[in-house]
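The lines below spell out each chain.
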Amino acid sequence: MKALKIVAGRVSVLDRDDVDTDQIIPKQFLKRIERTGFGQFLFFDWAREPGWELAQNPILVAGRNFGCGSSREHAAWALQDYGFEAIIAPSFADIFRSNCTKIGILPVVLDEAQCRAVAQAGEAEVDLDGQVVRWPGGAARFEIDPDVKHRLIHGLDDIALTLSHEDAIAAYERDRERRGPVTTAP
Amino acid sequence: MGAAHPKTLLDKIWEAHEIAPGLLYIDLHLVHEVTSPQAFEELRLGGRRVRRPDRTLATADHNVPTDGTPLAKRIRDELSREQVEMLERNCREFGIPLYSLGSEHQGIVHVIGPERGVTQPGMTIVCGDSHTATHGAFGALAFGVGTSEVAHVLATQCLVQTKPRSMRIRYEGELGFGVTAKDLILATIGKMGVAGAAGHVVEYAGRAIDALSMEGRMTICNMTIEGGGRAGMIAPDETTFAWLDGRAAAPSVIPEEWSLRSEPDARFDRELVIDAHAVSPMVTWGTTPAMVVPVTASVPQPKSSQEERALTYMDLEPGTPVQEIALDRVFIGSCTNSRIGDLRAAARMLDGRRVADGVYAMVVPGSQSVKAQAEREGLDEIFKRAGFDWRSAGCSMCLGMNPDVASPGERVASTSNRNFEGRQGRGARSHLVSPEMAAAAAIAGHFVDIRQRDT
Numbered sequence: 665m666k667a668l669k670i671v672a673g674r675v676s677v678l679d680r681d682d683v684d685t686d687q688i689i690p691k692q693f694l695k696r697i698e699r700t701g702f703g704q705f706l707f708f709d710w711a712r713e714p715g716w717e718l719a720q721n722p723i724l725v726a727g728r729n730f731g732c733g734s735s736r737e738h739a740a741w742a743l744q745d746y747g748f749e750a751i752i753a754p755s756f757a758d759i760f761r762s763n764c765t766k767i768g769i770l771p772v773v774l775d776e777a778q779c780r781a782v783a784q785a786g787e788a789e790v791d792l793d794g795q796v797v798r799w800p801g802g803a804a805r806f807e808i809d810p811d812v813k814h815r816l817i818h819g820l821d822d823i824a825l826t827l828s829h830e831d832a833i834a835a836y837e838r839d840r841e842r843r844g845p846v847t848t849a850p
Numbered sequence: 066m067g068a069a070h071p072k073t074l075l076d077k078i079w080e081a082h083e084i085a086p087g088l089l090y091i092d093l094h095l096v097h098e099v100t101s102p103q104a105f106e107e108l109r110l111g112g113r114r115v116r117r118p119d120r121t122l123a124t125a126d127h128n129v130p131t132d133g134t135p136l137a138k139r140i141r142d143e144l145s146r147e148q149v150e151m152l153e154r155n156c157r158e159f160g161i162p163l164y165s166l167g168s169e170h171q172g173i174v175h176v177i178g179p180e181r182g183v184t185q186p187g188m189t190i191v192c193g194d195s196h197t198a199t200h201g202a203f204g205a206l207a208f209g210v211g212t213s214e215v216a217h218v219l220a221t222q223c224l225v226q227t228k229p230r231s232m233r234i235r236y237e238g239e240l241g242f243g244v245t246a247k248d249l250i251l252a253t254i255g256k257m258g259v260a261g262a263a264g265h266v267v268e269y270a271g272r273a274i275d276a277l278s279m280e281g282r283m284t285i286c287n288m289t290i291e292g293g294g295r296a297g298m299i300a301p302d303e304t305t306f307a308w309l310d311g312r313a314a315a316p317s318v319i320p321e322e323w324s325l326r327s328e329p330d331a332r333f334d335r336e337l338v339i340d341a342h343a344v345s346p347m348v349t350w351g352t353t354p355a356m357v358v359p360v361t362a363s364v365p366q367p368k369s370s371q372e373e374r375a376l377t378y379m380d381l382e383p384g385t386p387v388q389e390i391a392l393d394r395v396f397i398g399s400c401t402n403s404r405i406g407d408l409r410a411a412a413r414m415l416d417g418r419r420v421a422d423g424v425y426a427m428v429v430p431g432s433q434s435v436k437a438q439a440e441r442e443g444l445d446e447i448f449k450r451a452g453f454d455w456r457s458a459g460c461s462m463c464l465g466m467n468p469d470v471a472s473p474g475e476r477v478a479s480t481s482n483r484n485f486e487g488r489q490g491r492g493a494r495s496h497l498v499s500p501e502m503a504a505a506a507a508i509a510g511h512f513v514d515i516r517q518r519d520t
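Those sequence lines, one after another, are chains A and B. Here the working numbering = 1-based position in the first sequence + 664. Here the working numbering = 1-based position in the second sequence + 65.
The following block holds chain A by itself, in its conformation from the complex:
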């Protein structure tokens, strides 16, 4: 995963609440077995509606509960492939937010007024280390889990980090692991 410290640039705006991952990337594209190339299918159906506009910028400002519904990580892949490195919204759906941080997209929660201000400003700088979003005419601090922040800033591989706990995992399996069920028996 690429290290992520500062995301700066123009802002795209999607002013809708409860945008689900079925809209972000419809099911027909989930048959692909690759991890790349999803950007061209982003918001596939909505992009065909008159008046749709979503510029390819580093920052997306979205509505409440962004990324709800299906756990498909393809949604995060598509947004990243399209160019978004940070998404600012009043709230995110849990699985989607987690998926973003696993691939190096920074989800930032600001309140609705702040989101509107960033959207109106049209450009912003998201400083992960300082946990602050700055835009022409304003700035706001945001919260992020310290472990998630550490991983994003250093671009760390989750699996390697967890395997550094190998002793603890092996000890758990030896001493505490529940007896069953195993899937190889039935």
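Mixed in with the good hints, there may be bad ones.
Simulated pairs of lysine-lysine, DSSO-like, Cα-Cα distance not exceeding 27 Å [claimed, not checked]:
#1 Lys228(B) x Lys256(B)
#2 Lys368(B) x Lys256(B)
#3 Lys72(B) x Lys228(B)
#4 Lys368(B) x Lys813(A)
#5 Lys368(B) x Lys669(A)
#6 Lys228(B) x Lys368(B)
Hint data in this document are derived by calculation from the structure and do not stem from the laboratory.
Dock chain B against the given chain A, drawing on the hints supplied.
Just chain B now, with coordinates in the frame of chain A:
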């Protein structure tokens, strides 16, 4: 030293599985063809193995045709075939047990886990699918995860996870005649909204829950994600133990550690109380599961631009009685409502009558075992005589990745879990209902209040 803090069911399962702060051991990892190919590829690129194939179980469900295609290599859609065959190759290479197309145990991942008895009380369970919450019905902590996390669990058998907050939804009173678990959870989501339980693990409790069958409890926990919840759970009891008795992977004697519940004084971060007795059969009218009204109501006036957009998409006028909404299709299936109890309940509504002219109705059993059981009971004949299409197991029209899709503009009564725009086919208009309501609607050609039927 003060008395120990009374623990919730979530606390107990969490503590039994936390290896290091924020690192949970996973007892069961369920895998399917759509969210796993990139995870296996990541393992290969990193030169990693699957740590616990014996705690991992795979099935083909999202993509498979339901027309009785007997083998992966016979799947006509090239991309679907490639994805299912890739799952077969990956499972062979990494030693993971698999119920692929053609297996007598193949089926929807959240149907086969409980069915085989590998879903048990007190476990931690993950799957690259948001409806993994289903397994919480057995008193397990079950999360949906993304593909990066699928790779992580394959490689480490652990999940990096901050402990979610706890929420209890307590139902007062009992469900009325004709009101099902599906109606209860739809009414709950309607009340709390699609993000109402975000960041929380929800424990469902109360007499109405105690009285539910395991099928009903799975329906409830399954849709927790539609209220934004991280997981849903129900304390195991005699109903749970009886349901698991005799399942392939279930123990012959009930282990003591299965008796697991929140302590009476346990504190939840949030509590919600809902009057179960006041719940009616429910029908969604919009494009989120929270846009829902009782079958006796009318399509509401829009209160936001989101609701206006939903009404336009659904082609509905505010004030239209729900029972006047005419249907083109009926889908009985999905991880929410495709188990044997669901099919029995739907079949009981048919009663020798025929599907209305102009309506295409299909039943997709949740697993090949459910299908076989239904056929032993003659349910297939009841459905077929009524004019239903009787299919093979899979996710089918719940998400329409396989050929089972609705056409643009078609209106569907569906027992599935999501009525999002385009979910069941581009431009398709979905109304979520219980299996009983779906069956009755198929006969009438429009929604009906099953409490008022003359049978």
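Structure-based check of all given hints:
1. Lys228(B) x Lys256(B): Holds - the C-alpha atoms of Lys256(B) and Lys228(B) are around 25 Å apart, at most 27 Å.
2. Lys368(B) x Lys256(B): Holds, at roughly 15 Å.
3. Lys72(B) x Lys228(B): holds, 14 Å
4. Lys368(B) x Lys813(A): violated, 38 Å
5. Lys368(B) x Lys669(A): With Cα atoms ~40 Å apart, Lys368(B) and Lys669(A) exceed 27 Å; violated.
6. Lys228(B) x Lys368(B): Cα-Cα ~35 Å, so violated.
When each numbered hint is compared with the structure, violations occur for hints 4, 5 and 6.
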